[in-house]
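Trainee: For reference, the chains in residue letters:
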Amino acid sequence: MTVLQRPPVELNTVPHRRRGMRGWWEDPWRAPRFLQFITIGYLLWSLLPVVVAVIFSFNAGKSRTVWQGFSFRWYWEDPVRSVWHDDTLHTALVHTFVLGILTTIITVPLGVAFALGVDRWHGRLPSGANFVMLLSFVIPETLLAVALLFLVTEVSQPLELGTTAQVAGLVTFQLSYPVVIVRARLLTIGKQYEEAAVDLGASPIGAIRRVLLPMLAPAIFVSIVLVFADVVDDFVIVRYLSSDGSTEPVSVKIYNTARAAPTPALNALATLVLLASLLSVVLGLVVFRWLSRGERGRSSIESFAEGL
Amino acid sequence: VSATLTPVSPPQADKPRSDAGVGGRIFAWVKRNWLWVVFALPGIVWLLLLFVIPLYVVFTIVFGQIDPIFRTPLPVWNPIEWNTVAFDDVFKHIFGSDGYFGPALLRTLIFVVSASVLCLVIAYPVAYFTARYAGRHRGLLLAALIAPFWISYMMRMLAWVNLLQNDGLINRALHANVDWLSGRPIVVILGLVYGYVPYMILPLYAGLDRFSPNVLEAARDLGAGRLETFRRVTLPLSMPAIIAAVLLTCLPMLGDYFTNDLLSASPSTSMVGNLINNSVLVPGQTGQAGAFVLLVLLVSLAPMLFYVRSARREGLAS
Chain R
1 MTVLQRPPVE LNTVPHRRRG MRGWWEDPWR APRFLQFITI GYLLWSLLPV
51 VVAVIFSFNA GKSRTVWQGF SFRWYWEDPV RSVWHDDTLH TALVHTFVLG
101 ILTTIITVPL GVAFALGVDR WHGRLPSGAN FVMLLSFVIP ETLLAVALLF
151 LVTEVSQPLE LGTTAQVAGL VTFQLSYPVV IVRARLLTIG KQYEEAAVDL
201 GASPIGAIRR VLLPMLAPAI FVSIVLVFAD VVDDFVIVRY LSSDGSTEPV
251 SVKIYNTARA APTPALNALA TLVLLASLLS VVLGLVVFRW LSRGERGRSS
301 IESFAEGL
Chain L
309 VSATLTPVSP PQADKPRSDA GVGGRIFAWV KRNWLWVVFA LPGIVWLLLL
359 FVIPLYVVFT IVFGQIDPIF RTPLPVWNPI EWNTVAFDDV FKHIFGSDGY
409 FGPALLRTLI FVVSASVLCL VIAYPVAYFT ARYAGRHRGL LLAALIAPFW
459 ISYMMRMLAW VNLLQNDGLI NRALHANVDW LSGRPIVVIL GLVYGYVPYM
509 ILPLYAGLDR FSPNVLEAAR DLGAGRLETF RRVTLPLSMP AIIAAVLLTC
559 LPMLGDYFTN DLLSASPSTS MVGNLINNSV LVPGQTGQAG AFVLLVLLVS
609 LAPMLFYVRS ARREGLAS
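Residue numbers (my numbering), protein chains in the order written: chain R, 1 to 308; chain L, 309 to 626.
Hint data in this document are derived by calculation from the structure and do not stem from the laboratory. From the three backbone atoms N, C-alpha and C, an ideal C-beta is built for every residue, glycine too. Just so you know, not all the hints are guaranteed correct.
[Said to hold, decoys possible] Selected chain L positions facing chain R (in silico; Cβ < 7 Å):
| hint | residue |
| --- | --- |
| 1 | F347 |
| 2 | V353 |
| 3 | P433 |
| 4 | M463 |
| 5 | A573 |
| 6 | P575 |
| 7 | G581 |
| 8 | L605 |
| 9 | L609 |
| 10 | A619 |
Generate coordinates for the entire structure from the input sequences, incorporating the hints supplied.
Mentor: Quick look at the structure:
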């Protein structure tokens, strides 16, 4: 996540190569074929099953395994069981996005403020809080979900199963993303810009608002995209903290019906969420490029990826 | 005259500061830090209320009482009054003669270890290739490697359920009639690998991208062969990344129950996550679920602390 040097030379572009198998074998800088082979194989293996599932969401028939022609039947044409007309599927889709938006709105400001505070306030309490935050990053999600379920069902005053509890739980689990990303960025920015602003007469708040925040914009933006895309896909926390069918998002719907002979409408539902995630990431990448324009160094997708 | 000769003693010079006293020091501290305290406090309170306290609630329920009539747990807040009935019960069923939890725990260990090893075998070459040889296709390749991150885990499992059904594409391609989705350990392990490999590739890539290829060239110049260079230079240098990546995939696997439910749905492949999930929603068994949660927490605490420590060393946390 720190600024790194690019490798100065490409290893596999050494000129005088000997021809033939023997030359290839003895070329000390050849790109190992098996690495290429594994990488391509991995990409096919990881993406093809999903592509097949997406294709079958456009199936005209009821089967998810036999192709019966292209249609939008499971999206909106079927008057009863399409995503658009089946209330339960419809509700799940809307609820997924409601959770995504609410959680992002709370998590990102909370996390950015926490990152700034913990970064600059030195002492036992902030470093302890930072430690706890990192624990929340690596704790197995099931454990946190059960703990929150116990909290809500056994103690709970303000929290109720359903949207409130789900958002509270998701914010807790996602808080670490903006904090880690923003702190990594703070580390590369350093303190000098802020100090210069204060020397030139800015108030501490003014320095943050007019100098630090604009410089943090790419990191904040990556956090927004990351948290939204991750919440939309979340399963463990939202399932335990849901109250009834009306607060079950798409992931829970898939879990409940995947083994119970569903129609391609389930694939259509999953495809729509996938589309939303991908759109937000592509949009994120474009805006990220624009926000971090003029910065030297790594290509945007690499810093974007390292932000993860 | 004598008074003018009295040297200005250090205590006198310090006087203004000691006059300010505790109040002054607090004032100075507040003046220096108030803004950061205001920024950090909401997050600290949030983590306390919704992370630390919930974990404590698990203890109060595991070591608490159960309502004799309604079978609902009665949390006990005072650690002195805790009793270990639920925990003893769980331990009896793990190690005792009627230990029907024991096999599931052992299976969890086997599944998680073999899935992690397979993940590493796949992820390391892919990350290595991307970091070192991808050249101008690097951006595109990275985008494709990140893609599974944005596809919901459930969607990806659904894809495999579709493929592996009795009349699914796999069986039709093989002209076979194999019942893949009922209690086959290999299917569950491969499902775990499929689900968690992306989480391993990215940290590995970040780590491998970090060290300069000059050291590899130096090793080769000094006469080391390909394998020798890998074994004595590349591998030791990438060890921290490997450890971080393995931890990041193992920890969520320890709580996984859904992969199992979707790809097997048979008790013959249940893992500790399934034990938690099967008892957490059953009245009267919340204590048991909590005990398993504590057990997993206990096991994962060391790797969690290790990860946090190495993250701090990298300067992410002061």
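Trainee: Is the interface hint satisfied for P433 (chain L)? The criterion is a beta-carbon contact with chain R at less than 7 Å.
Mentor: Given a least distance of 4 Å, the restraint on P433 (chain L) holds.
Trainee: Quick check on A619 (chain L) please, does its C-beta sit within 7 Å of some C-beta on chain R?
Mentor: holds, 6 Å
Trainee: Answer holds if the nearest beta-carbon of chain R is closer than 7 Å to that of P575 (chain L); otherwise answer violated.
Mentor: violated, 15 Å
Trainee: Using Cβ atoms only, decide whether V353 (chain L) comes closer than 7 Å to chain R, and label the hint accordingly.
Mentor: Check failed: Cβ of V353 (chain L) comes no nearer than 10 Å to chain R, outside 7 Å.
Trainee: Would the hint on F347 (chain L) stand, with a C-beta cut-off of 7 Å toward chain R?
Mentor: Since the shortest Cβ distance to chain R is 3 Å, the answer is holds.
Trainee: Closer than 7 Å between Cβ atoms is the bar; does A573 (chain L) clear it against chain R? Give me holds or violated.
Mentor: holds, 6 Å
Trainee: With a cut-off of 7 Å on the beta carbons, see whether L609 (chain L) makes it to chain R.
Mentor: violated, 9 Å
Trainee: Holds or violated: G581 (chain L) as interface residue toward chain R, Cβ cutoff 7 Å?
Mentor: At about 6 Å, which falls below the 7 Å cut-off, the nearest Cβ of chain R leaves the hint on G581 (chain L) intact, so it holds.
Trainee: Please check whether L605 (chain L) passes as an interface residue: C-beta within 7 Å of a C-beta belonging to chain R.
Mentor: Holds. Min distance 6 Å.
Trainee: Would the stated hint for M463 (chain L) survive a check requiring a Cβ distance to chain R of less than 7 Å?
Mentor: The hint holds - M463 (chain L) has a Cβ within 7 Å of chain R, the shortest such distance being about 4 Å.
Hints 2, 6, 9, counting from the list given before, are not met by this structure.
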